[in-house]
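Chemist: Sequence:
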Amino acid sequence: MAATSPALTNNNNNTTTTTTATNMAHRTDTPPKTLRGLNKPKCQICGNVARSRMPIAQGNSNAYDRGIEHLYEMKLAHCHSRELLSRINGQILISSKKQRETGCVNDAILRAVKEGIFEFVFDILKTNPDLVWSHDEKSTNIFSVAVQHRRAKIFNLIYGLDTKNSLASGRDDFYGNNLLHMAGMPAPSTSLDHIPGAALQMQRELQWFKEVESIVPPRVLGKLNDEDLTPRQLFTKNHKDMMGKGEKWMKDTASSCTVVGALIITIMFAAAFTVPGGNDQNNGFPIFLNKKLFMVFIVSDALSLFSSTTSVLMFLGILTSRYEEEDFLESLPRKMIIGLSAIFFSIAAMMTAFSTALILMLHEQSWVFKPIIFLASIPIALFVLMQFPLLVEMVISTYGPSIFDRKMKRQF
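Residues 991 to 1402 in my numbering are what the sequence shown lists, from first letter to last.
Fair warning: there could be bad hints in the mix.
When the alpha-carbon atoms are kept at most 25 Å apart in a straight line, the in silico BS3-like pairs for lysine-lysine are as follows [said to hold, decoys possible]:
| hint | residue 1 | residue 2 |
| --- | --- | --- |
| 1 | Lys-1128 | Lys-1065 |
| 2 | Lys-1230 | Lys-1241 |
| 3 | Lys-1128 | Lys-1235 |
| 4 | Lys-1241 | Lys-1104 |
| 5 | Lys-1200 | Lys-1227 |
| 6 | Lys-1238 | Lys-1213 |
| 7 | Lys-1213 | Lys-1235 |
| 8 | Lys-1213 | Lys-1227 |
| 9 | Lys-1241 | Lys-1213 |
| 10 | Lys-1104 | Lys-1200 |
| 11 | Lys-1282 | Lys-1360 |
Here are the simulated distance ranges between beta carbons [said to hold, decoys possible]:
| hint | residue 1 | residue 2 | range |
| --- | --- | --- | --- |
| 12 | Lys-1230 | Leu-1352 | 55 to 61 Å |
| 13 | Arg-1222 | Ser-1129 | 19 to 25 Å |
| 14 | Glu-1109 | Pro-1186 | 53 to 59 Å |
| 15 | Pro-1119 | Glu-1314 | 40 to 46 Å |
| 16 | Glu-1314 | His-1353 | 42 to 48 Å |
| 17 | Pro-1186 | Leu-1352 | 39 to 45 Å |
To be clear, the hints were calculated from the coordinates, so they are not data collected in a lab. None of the values given here were measured: they were computed from a predicted structure. We put the beta carbon where it would ideally sit given N, CA and C, even for glycine.
When you get a sec, could you build the whole thing from the sequences and use the hints?
Modeler: Right under this line is the structure:
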């Protein structure tokens, strides 16, 4: 019974059971056969909340109707799963250690950790705190599994335990790997797929290693596993390919942006000496010198030139970097953030200078310069749209909140 509970709880995150879906197709509140006898009032309340919206849905569109029914199915399955989990907890409380092992309780909680089903793990540990010492056949405890599968939310539970230090130093697994060794192992692809670029993936792996390193005792840092590798050596071995891909990604991005920055420098430098309207033949001063728009042009031109120069210098710093492991943690991302921000600013300033120059020369021909300004902004806007999400992601990854919530209060 315990072994099937993670799958039921996982239903809440993915899809509902086939039995529940079939019942819903007939618009009944009859619970699935496997869940009969559970707390029906709770489940019926969930159904009534969703059903109260159905007349509105039928009056609008089939798509909205299907969406409401899908939410109803999910909520109903969630109610059943929570009630089933509550009964499982009750049975675990009155069972012996041997019964827990033969009843697959340890396997169930370890599977839930691997899948990242926080609700299941939290409720089980809250009701049965002793299960925090659960381990698999390789002597790997739940927090080592959480680190290995990069389940930050579940690992955060360690900060709410009195046994934090014991778990952090913990016993080694069958292969002599401690908690920090687990952080040195490669992350599952599913935990990195949402992170753009190999460099940011490498950064996330380093962040995990550093976070775990900060909570384990110093004696663990140099401890060898069965392969005679320290945690750091294991990390380097397992992330060698990722670091190579991250270096290539950084250099390719920096090279492309360097070309753009160099072009902007060339254009803005030339524009400073070929001002709109030309110069007065008598004194050599610009004809539009006393116009406010001309000052806007000059300031925009200068800002674009200086910011593009800054971006090129940052990208050159990336191209000439040593590319050590630690560089991916903050040094390289910081240079990329400054470089991308500077080039975005230089593009905006360049467009401002271009627009003011057209307005100065064609101030009485608005029907001409307005469409030109619009068309000229299209390629610039496309460049920003392609690169701006990357900039936001890098800022959040580098300067955002920590992976772990160290302020978590004791929960059980």
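Chemist: All the hints need checking, so say for each whether the structure fits it.
Modeler: Structure-based check of each hint:
Among the hinted pairs, Lys-1128 with Lys-1065 is inconsistent with the structure: their alpha-carbon atoms are about 37 Å apart, more than 25 Å. For the hint pairing Lys-1230 with Lys-1241, the CA-to-CA distance comes to about 17 Å; that is within 25 Å, so the pair holds. At roughly 32 Å between alpha-carbon atoms, Lys-1128 and Lys-1235 are farther apart than 25 Å, so this suggested pair is violated. Pair hint Lys-1241 plus Lys-1104 does not hold up; C-alpha atoms about 35 Å apart against a cutoff of 25 Å.
With a C-alpha separation of about 16 Å, the suggested pair Lys-1200 and Lys-1227 falls inside the 25 Å cut-off, and the hint holds. With a C-alpha separation of about 32 Å, the suggested pairing of Lys-1238 with Lys-1213 is violated against the 25 Å cut-off. About 29 Å separates the Cα atoms of Lys-1213 and Lys-1235, which puts this hinted pair outside 25 Å; it is violated. The suggested pairing of Lys-1213 with Lys-1227 holds, with an alpha-carbon distance near 16 Å, which does not exceed 25 Å.
Between Lys-1241 and Lys-1213 the CA atoms are separated by roughly 35 Å; this puts the pair beyond 25 Å, and the hint is violated. For the proposed pair Lys-1104 and Lys-1200, the alpha carbon gap of about 21 Å is at most 25 Å, so the pair holds. Proximity of Lys-1282 to Lys-1360 is assessed by CA-CA distance (about 19 Å); at most 25 Å being required, the pair is judged to hold. The beta-carbon spacing between Lys-1230 and Leu-1352, approximately 58 Å, falls within the hinted interval of 55 to 61 Å.
The hinted window of 19 to 25 Å between Arg-1222 and Ser-1129 holds, with their beta carbons roughly 22 Å apart. The hinted range of 53 to 59 Å is not satisfied by Glu-1109 and Pro-1186, whose Cβ atoms lie roughly 29 Å apart. Restraint check, Pro-1119 to Glu-1314: a C-beta distance of roughly 42 Å satisfies the suggested window 40 to 46 Å. About 56 Å separates the C-beta atoms of Glu-1314 and His-1353, a value inconsistent with the hinted range of 42 to 48 Å.
As the Cβ distance of Pro-1186 to Leu-1352 is approximately 42 Å, the hint placing it in 39 to 45 Å holds.
This entry does not satisfy hints 1, 3, 4, 6, 7, 9, 14 and 16, going by the numbered hints stated previously.
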